[in-house]
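Undergrad: Please arrange chain H on chain X, whose structure you already have, making use of the hints.
Residue numbers (my numbering), protein chains in the order written: chain X, 1 to 451; chain H, 1 to 272.
Don't take each hint at face value.
Claimed, not checked - According to the in silico footprint, chain H covers these stretches of chain X (three or more CB under 8 Å from chain H):
hint, segment
1, 55-69
2, 150-163
3, 273-283
What the hints assert, rightly or not - Derived SDA-like pairs (lysine to any residue); straight-line CA-CA distance at most 25 Å:
hint, chain 1, residue 1, chain 2, residue 2
4, H, Lys173, H, Pro220
5, H, Lys66, X, Ile69
6, H, Lys233, X, Lys311
7, H, Lys66, X, Leu93
8, H, Lys265, H, Thr125
9, X, Lys341, X, Thr196
10, X, Lys22, H, Thr226
11, X, Lys311, H, Phe223
12, H, Lys173, H, Val262
13, H, Lys233, X, Val95
Because the hints were derived from the structure by calculation, they are not lab data.
Glycine is no exception: its CB is placed at the ideal position from the N, C-alpha and C atoms.
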Amino acid sequence: MTNPSDVPSWGNYPKAEPREVKTLVWRQDQPTWSVADAPVLAYGMGRSYGDVCLNNDGTILRTELLDHILFYDHQRGIIRVEAGMSIGALLELIVPRGWFVPVTPGTQFVTLGGAVANDIHGKNHHRVGTFGRHVRAFELVRSDGSATLCTPLDNTDLFAATIGGLGLTGLITWVEIQLLPITSRYIKSESVKARTLEESIEITQESDANWDYTVTWIDVTQTGRGLGKGIVQRGNFHDQHDMSLLEHTRGVTLSVPTIMPSWLLNNQSIILFNAAYYGKQRRRVVQRTVDYQPFFYPLDAIHHWNRLYGKRGMLQYQCMMPGGVDEGVHRGGRALLRMLKILQNAGAASFLAVIKLFGDLPSPGMMSFPRQGITLSLDMPYSERILRALSKCDAIVLEEGGRIYPAKDARMSASTFRAMYPEAEKFQAFIDPAFSSSFWRRVWTNEGKQP
Amino acid sequence: MSTTIETESEHAAGVSISRPELDLGGARHRVVIVGATSAIAQAWARSLDNSRTKYLLIARNEEHVKTVAADLLARGALGADIMVVDVRARDSHAEMVRVAQNVLISPTIVMIAHGVLPDQAELDTDVDATLDSFLTNAVSVISITQRFTLFMAEHGGGSIVVLSSVAGERSRKSIYAYGAAKSAISHFCAGLGARWEDKGVHVLVVKPGPVDTPMIAHRPRSFTTTTAAYVAKRINAAIKSKTTTIYVPWFWRYIMATIRVVPQKIFRKINI
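So that you can see chain X by itself, here it is in the shape it has in the complex:
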C-alpha cells in the first residue's frame, strides 16, 4: 500500500517533495491556513500529468476521504457530493438508477474536485462542452475562514475563477452536478479506420454529427502519407430500455506492480505497438456493443500503467488550435502535421496519440482550456531532446492562436503560458494567498526562476 505522503503526479515528472501531507477527513473541519505558512494545495487522485497537482516544499491536502454524498435526487438526477469522491465511485452509485456523469475524462480515477479545477472535457465535448457547464454549485473554503457557496448566480466571479482554476482559488469541499439520463449501461460503438491524418480528421468531423462520443487514435510513428492514420472511435449510449442497467461484468484487470525499467517503452516497442494496434482492426468499420467501462476507460484496466514509463517518467502534451468547421479545422490539421514531424525527428514515439474536435459550447470557467477547434494529445518518455522539440511545437501552437492544457503540462515556459492565457491576468486576483502549486510558481510567480 502506498504511503499517504506519496503524492506524485501521473507522469512522474517533475518530482516534487511536499513539506507536509495532511489527509482531510471531515469537510467541516478545515484547518486554518495562514499566508505565513508554506503554501497549500488540494490533491485528489493525482491524475494530472504534470505539476498542477504538485506543491514542492508546500503542504498537500489529500481529499480522498471527503467522499460523502450530501444529497441525491435520483428522480431529477441532481447529486451533491464531497469533492474527494471519484467519478468511478459515483458511477457505481448512479448508473443502476439510470444516470451518468455529463462529462467524463479518459479515466474514472479522478475526483470531482479535480474535475472542476481542471474543467475537464471528454469525448462528448462537441455535444455538451466541459464539466464546468454541468456544475450547479460548489462550496469553496478559503484561508480567510470563509466557506462560500458558488453558483452561476451567486459569487459568480469566484465560480468562474474556480472552474478551471487549478485548485488555486481555495479548497473545493463539495460539488453539485446535473447528471445525464441513460437507459442502458451499454454503448453502441463503431471503430472506423482512416488512412491519413486528413482522413482521420474528416471522419472525426462527420462522426460528430451523429455520435455523442468521438475520439480518434492516430499513429504518429508512421512516415510519409501514413503519418496520422488512425482509428476513429465513436459511440452512443444504447437507447433500448431492455438492456439492463445493473449487469456488471468486471473485466480482467492487470497491474503494473512497480516502476518499470526505462528501456521498456522505447521507440521500437512503441512503433511496434502502434502498428499492431492499427493492424488489429481488419475491417474498415467495426461495430460493437460494449459496457461503459471499457468504452470510456480502456486504460483503467491496467492499474498504474504510467509506471511503464520508468523512473524518468513521461511527458504528456495536449494542445488545441482554434478553428471553426471546415477550413479552420483543416488548417489546424496542417499545423498538427508540422508538429508531429518535429516530434518524430526528435525521436518521440507515442502510443497514445489522440485527436478530437472541440465544439463551440463555451465554459463558465475563466481559465478553461477547450475552444472550438482541434485538439491533439500525446504521451512521450521524458528526454532533453523531446523537451526542445516541444518548445518548437509551442511556437506553432502560439502562431495558430491555440493553447496548451495545464492539467497535462510539466514544461511550458512562463512566457508561453502568458501568451496563451491572457485571461490569467484577471484570474490571478482570485487566487487564495495561502494557496499555490508547483505549476503556478513555474508559469507565473517565479517567472524565470526555478520553482
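TA: Frame of chain X; chain H shown alone:
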C-alpha cells in the same frame, strides 16, 4: 457492491415478538453503530444493502455523524437516526439501548466501532490519560456491549460486532495502553458470546491488523496494512457464518499465535 446478510434472529429461542415491519418501512436490517464516524464503520455501512436497512448512528461529533447519516440516506437507507453522545459518560449507555428500542424496535446488528489510538509516549507519564483511554476503549465497550447483549437476548437475538485489534494479543511497549484495552474487550466479548449464544445472540470479535484509516494517518503503511472496505467484507462473511473471532487479514491469526509464544526476555528486546 452490496451484501445481503441473513440473520436468524426471528427464529431464536422461541421468543415471539410482534414485529411491526410496516412501521419500519420494511427494514430487514436494523442496525446500531456506536462510533458511526469511524472509517471501518462507514465502510461497513456502505457495503450493506441500504435499501433494506435502517440505522441508529451513535457518535461523539454531531456534524460528523450527520454527514454519515446523510450519506447513507443518499445511498438508499430507509432511515438514519443519530444520537450524539460521549461514551465516557456511563449513564449514556442505558440510554443508547432505550433509543435503539424506540427507533428500531429490535436491532438485528449492533456494531461497536468507537475507540481512540492514544500517543503511548504521552500516556507513559500521564496516568489520568491512560485511564481515560481505557475508559473509552475498554470500559465503555464492555458496558455498551453487555447492555445490548442483554437486550437482544430478550428480544429475539441478533449479531453484535466488536472491533478489537491484533494489538490486544500481546503487550508491546509502543502501544500497551491501547493493547490492554483491546485485550480486555476481546476476552470479555468472547465470554459474553459463549454465555448468550443459546439466546440467539452472536458476538463477533474482529481483530484487524493495521487498517488504512485516519487512526493511523501518521504511521507509514506496510504490506500488511489493509483497507476498511476489506475489513467490512470479512465482517459480512463472518456475520453470515456466525464465526465468533476473525483476524483481518487471515494471516494475523498465525503471526499472533507465534508472537504469543516468544519468550518475554526475547520479545522485550524487539523494537516493535
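Undergrad: Next step is simple, just say for each hint if it's right about the structure.
TA: Cross-check of the supplied hints:
Interface restraint, the segment 55-69 of chain X with chain H: holds (3 residues with C-beta to C-beta distance below 8 Å; minimum three). Counting residues of the segment 150-163 of chain X whose CB lies closer than 8 Å to any CB of chain H gives 0, which falls below the minimum of 3, so the coverage claim is violated. Residue count for the segment 273-283 of chain X with a Cβ under 8 Å from a Cβ of chain H: 0. That is fewer than the three needed, and the coverage hint is violated. Taking the CA atoms of lysine 173/H and proline 220/H, the gap is about 19 Å. The hint holds against a cut of 25 Å.
The suggested pairing of lysine 66/H with isoleucine 69/X holds, with an alpha-carbon distance near 11 Å, which does not exceed 25 Å. This hinted pair does not check out: lysine 233/H and lysine 311/X have alpha carbons roughly 36 Å apart, beyond 25 Å. The straight-line distance between the Cα atoms of lysine 66/H and leucine 93/X is roughly 20 Å, inside the 25 Å bound, and the hint therefore holds. A hinted pair counts as satisfied when its Cα atoms are at most 25 Å apart, and lysine 265/H with threonine 125/H qualifies at roughly 24 Å.
For the given pair, lysine 341/X sits about 14 Å from threonine 196/X by alpha-carbon distance, which is consistent with the 25 Å threshold. For the hint pairing lysine 22/X with threonine 226/H, the CA-to-CA distance comes to about 20 Å; that is within 25 Å, so the pair holds. Taking the CA atoms of lysine 311/X and phenylalanine 223/H, the gap is about 22 Å. The hint holds against a cut of 25 Å. The straight-line distance between the Cα atoms of lysine 173/H and valine 262/H is roughly 15 Å, inside the 25 Å bound, and the hint therefore holds.
For the hint linking lysine 233/H to valine 95/X, the alpha-carbon distance of about 22 Å falls within 25 Å, and the restraint holds.
Going through the hint list in order, the structure does not satisfy hints 2, 3, 6.
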